[in-house]
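With these hints in hand, go ahead and build the complete structure from the sequences.
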Amino acid sequence: MVFLRRAEPPQSSSALAAASATQSSSGFLPGALVDRPRLSARDISVYYADVQAITNVSMDVAQHEILALIGPSGCGKTTLLRTFNRMNDSVRGCRVTGNVIFDGEPIYRKGVDPVALRARMGIVFQKPNPFPKSIYDNVAYGPRLHGLVDRQAELDEVVEASLQRTGLWNEVKDRLHKPALSLSGGQQQRLCIARTIAIAPEIILMDEPCSALDPIATARIESLMRELARNHSIIIVTHNMQQAARVSDRTAYFHEGHLIEIGTTDQIFTTPEQSLTEDYITGRYG
Amino acid sequence: MNNTIDPERLRQRLADARAERLQASLQRRHRKEAVFRGLGLGAVCLALGFLAVLLFTIFSQGMSAFRSSHVQLTLEFDAQRLGDAGSERERLEQYQTWLDEALLRALDAPESRASAVRPLLSAAAVYQVRDRLEDVAARPGGRATLWVLASDEVDLIQTGVVDRAWPEAARSLSDQHLAWIDRLSEAELLERRYNRAFFTGADSREPEVAGIWGAVVGSFLTLVVTLALAFPVGVATAVYLEEFAPRNRLTDLIELNINNLAAVPSIIFGLLGLAIFINTLGMPRSAPLVGGLVLTLITLPTIIIATRSALRAVPNSLRDAATGMGASRLQVTLHHVLPMAMPGILTGTIIGLAQALGETAPLLMIGMVAFIANVPSGFADPATVLPVQIFIWSDSPERAFIAKTSAAIMVLLGFLAVMNLAAVLLRRRFEHRLK
Ligand SMILES: Nc1ncnc2c1ncn2[C@@H]1O[C@H](COP(=O)(O)OP(=O)(O)O)[C@@H](O)[C@H]1O
Ligand SMILES: [Mg+2]
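Residue numbers (this note's numbering), protein chains in the order written: chain Y, 1 to 286; chain Z, 1 to 435.
Rather than coming from a laboratory, the hints here were simulated on the basis of the structure. Values in this document were obtained by computation on a predicted structure and should not be read as measured data. Just so you know, even glycine gets a beta-carbon here, dropped at the ideal spot from N, CA and C. Please note: incorrect hints may appear among the correct ones.
Covered by chain Z, according to a simulated footprint, are these stretches of chain Y (three or more residues, beta-carbon under 8 Å) [said to hold, decoys possible]:
1) 128–138
2) 141–155
3) 262–273
This is the structure:
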């Protein structure tokens, strides 16, 4: 695995300086902005106590696109992803500056209810974390919580549809009321995705959703993501270069909390402009 | 210095010595392991040995208290004389006369005086007769056979606690009494039977009618108060500190104080209860209400600490999952974190209550050590509790209370065992439900 060879890149700091220099005078990297963005990060910095994990990140997410966040481990991908739906609020000592604009509204502002925000922005975690309840109750949790359905029949429909879309329905339809924790790892992760899409979020955040899965389960989730991208914007963190190349429309490369380069996946993987990006993609840096 | 190391020679040397050194090192390790295991086993055996001695002593002394000596008497009433008796006192005297007559008949000693045979029977025997045979006595020519309580002195002879071989002066029963006891035994009119009074009565000056029920009810009422206050307050405190409170000087200080509170000697809480609940707030002395309040103070830190560690054991991924679905902090806690932590919380609570059940010193301070001959019927009634009852009996001069003390300890241990079993079962059920 590439990232196990953690040799200090010789040209790291100078390359970082070079990368910073490419920021335009307006402060945006080329390719960071899109027309009619769905979600925009503006000058986001995140600190854990005194340690800065993210430094001045600005970028856009377009409607119905899959954006991949890549970079060596510890570079702040998870941290950034969690700032999008304010999951960091509950982390002790975590502080965010800058802002995230969602549908034209800044989300880091007094008067914004993070609970309402998270109902519109689902998140799937690295480790499958179904609730210790039945399969049915897992998927039904969100709709019940937000009062999205009035009748039991309607709820049944939502549960079935969500499980159908994640390809889990046929595997679990006979044991909907069995504990979710009795499923396999891949099934649990698809259940978590079904749980997320059951509340019809506009944006889905995914943090290395396939890192614990085998290739078959991974392939199912990737095809599911392409399917979901027809209606949702997806931001996915991944360690897997092939996965980023396969599923994403655009890719952003991070290094030590800095956004180094962002562009179409084709461009990033075939003609990266930054040497840091190139080193990482070709496996010289891990 | 010669610094040149030939790597090949070094490798060879190590390889040669290897087997030998490994052997020696293994032997050393095995020896250490054997010593360690021996020490551990020894410690366990010692602990078990002490436990066995303790249990044996308690059981061998206490079992006899579950039975008590009874004398079978045939009473011949006279409804006419009962009708003549005016006051309750006179009626009771009448019953006493019939009882004396019946005993004299049974002893076949009509020439003896009633006062001479009375030490054979319990002072409570006359009440037994009155309560059980009131109807028969009111009937013309009424006649009935009844097992009545013998005195504790007779019971001590029967159980061998007081040795017949002792000189007469060292016993409270004379040689004549012993002869009568033998006569009754031969006629099968004297028997050790199930001691109902022990399980249904409250404390008494007469050992043969002293019972544990008053203390059991007192303990129960006290624990109800404790549970009703300590559980919600303790869990709410722990949930607030663990899930909601910011981390700052103030919460650190609170945490420190709670941990210290757990180490405060319990008698201090008793003094506090006396000063605040009784002297300042004017609550009744010796009442389960005040006892429960004091025990709440003692149990709170236990419950808070157990709940906090149970909450901390809930993985953050579960909180993340619920938060990410758009659940509020309160919903995350109520829907997911608390149910998952519940087995730990319940175990902590039951352990706290078991601790409260065995607490004695603070209850002495608030007057639950008084002699209380009635079973309490409310939270404000004077009451005592099991461990205090044990303390009172162990402090009583009558020999017959020795067996009562051990029997009461058995009852207390029984309740503790049941509570611990309940903790285990609850835990299992919850864990089963979560899977
Ligand atoms: N809860 C936290 N408290 C303190 N530091 C954290 C916390 N979470 C992450 N970090 C630090 O922030 C940096 C970025 O972490 P993370 O976002 O998890 O990286 P990635 O997901 O890219 O591997 C790391 O240096 C990590 O040690
Ligand atoms: Mg990560």
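Hints versus structure:
Coverage of the segment 128–138 of chain Y by chain Z holds [criterion: at least 3 residues with CB-CB distance below 8 Å; count 4]. For the segment 141–155 of chain Y, the assignment as covered by chain Z holds, since 4 residues bring a beta-carbon within under 8 Å of that chain's beta-carbons and 3 suffice. Counting residues of the segment 262–273 of chain Y whose beta carbon lies closer than 8 Å to any beta carbon of chain Z gives 0, which falls below the threshold of three, so the coverage claim is violated.
Violation of the numbered hints given earlier is confined to hint 3; every other hint is satisfied by the structure.
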